[in-house]
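Q: Given only the sequences and the hints, what does the whole structure look like? Please build it.
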Amino acid sequence: MKRLYRFSLLFWVVGLLTGIIATAQDSTKTAGSPTSTLLFDREDGLEFTLTTNLRTLMKDRGEKTAAHPAVLSYKDGSKTDSIPLTLKVRGNFRRSKVNCSFPPLLVNFPKKKVKNTLFANQNKLKLVTHCQLEEWIVREHLVYKLYNLLTDLSFRTQLVRVTYVDSLGKRAPETHWGCLLEDEGDLAKRNGVTANTLKQTNMGYADTLSMATVAVFEYMIGNTDWSVPYLHNIRLFANGISSSLPVPYDFDHAGIVEASYAKPAEQLDIISVRERVYRGPIYSMDVFLQVFDKFNQVKPQMYALYQNDSRLDKAYVKRTLKYLDDFYALINKPILAQTKFKQNAKSGIAVKSSKGVSYNK
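Residue numbers (mature numbering (1 follows the signal peptide of the UniProt record, and there is no 0)): -24 to -1, 1 to 337.
If you're looking for bench data, these hints aren't it; they were derived computationally from the structure. Careful: at least some of the hints might be erroneous.
Subject to a maximum C-alpha distance of 25 angstroms in a straight line, what follows is the list of computed BS3-like cross-link-like pairs (lysine-lysine) [unchecked claim]:
| id | residue 1 | residue 2 |
| --- | --- | --- |
| 1 | Lys51 | Lys64 |
| 2 | Lys175 | Lys165 |
| 3 | Lys294 | Lys275 |
| 4 | Lys318 | Lys165 |
| 5 | Lys73 | Lys40 |
| 6 | Lys298 | Lys309 |
Pairwise CB distance ranges (calculated) [claimed, not checked]:
| id | residue 1 | residue 2 | range |
| --- | --- | --- | --- |
| 7 | Asp301 | Asn92 | 44 to 52 angstroms |
| 8 | Pro45 | Gln283 | 24 to 32 angstroms |
| 9 | Gly168 | Gly53 | 30 to 38 angstroms |
Glycine included, each C-beta is placed from N, C-alpha and C at the ideal position.
A: Now the structure itself:
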């Protein structure tokens, strides 16, 4: 009997230790892993300088772009930190000179050089630049903030003030708003998920509530420039339950941003990107109502993002609040919502985008 008791006690202790170790390992994978906490947890408005050969950088807009040496400098208290790095022109639509006077960039940080700096643990970060109009950057940044309110499984952004300095001194320095986008790996670590490496998939395989949230959100902001099957402006992640958790990004063509170059695909039969079209899966109303409830919960915070941002034009704020009013009026009328999200859905229509023909189904 004593042997049985000792064996049971030993079994209990081993089980307890195993649980503690597993919990510690799990926390290490998420909260303890190196992430972009320093950079993306701070208030917006970080100021830094990028010094490079601007003429060479601006001309490099072909299919294959080169890495351009540069130096990022920022003030850290009383001292100035300088980080040697490389810049690369990136993007599709916004890379073209026809569409944007200043292309989006990929900032490549050397790991050894960022240790003990604000950019510690960073590797490659996308920098969304001002393109044509300064305020467009602020507007797109706020769209990311809107989605952050709905779920942690979303890209975080840091609105930055960038001064571009020509290393040859042939151009006057210019300062503009920019937006740094959280690294995909950091998003995964923060949420305890992994990146899905599928090249193509179907919306039907995606996690229901995640997919419905993405689709309704894209409808709310007036964005049709996305596709899950072709992973156009969508990243997929996986956890132990679902292998397809969609996360949207790149919102410059959304109606809520009002970029002048944003045009709807002719296949969708709408005149303006401000005209909303639902392109997601057709779910039961029970699913839609769950998603609508989440949108209703964060409504005050969504409105506050626009009401409290002094960087926005007042007329734009007024238009945007009305645009959100129309969305909320719709989702709180079940019969009307059923018509828009079920009967009038345009999920399977193939549309042309900057990446070719894509569709949602």
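Q: Are the hints correct? Go through all of them and say.
A: Going through the hints against the structure:
Proposed proximity of lysine 51 and lysine 64 is supported: the alpha carbons are some 24 angstroms apart, at most 25 angstroms. About 21 angstroms separates the Cα atoms of lysine 175 and lysine 165, which keeps this hinted pair within 25 angstroms; it holds. For the proposed pair lysine 294 and lysine 275, the alpha carbon gap of about 16 angstroms is at most 25 angstroms, so the pair holds. As the CA atoms of lysine 318 and lysine 165 are separated by approximately 35 angstroms, the hinted pair breaks the 25 angstroms bound.
Restraint check: the Cα-Cα separation between lysine 73 and lysine 40 comes to about 15 angstroms, which is no more than 25 angstroms; the hinted pair holds. Distance check on the hinted pair: lysine 298 and lysine 309 sit about 17 angstroms apart at the alpha-carbon level, within 25 angstroms; holds. Between aspartate 301 and asparagine 92, the C-beta spacing of about 47 angstroms keeps the proposed range 44 to 52 angstroms intact. The supplied range of 24 to 32 angstroms is broken by proline 45 and glutamine 283, whose beta-carbon atoms lie about 43 angstroms from each other.
The given range of 30 to 38 angstroms is respected by glycine 168 and glycine 53, whose C-beta atoms sit roughly 34 angstroms from each other.
When held up to the earlier numbered hints, the structure conflicts with 4, 8 and fits the remainder.
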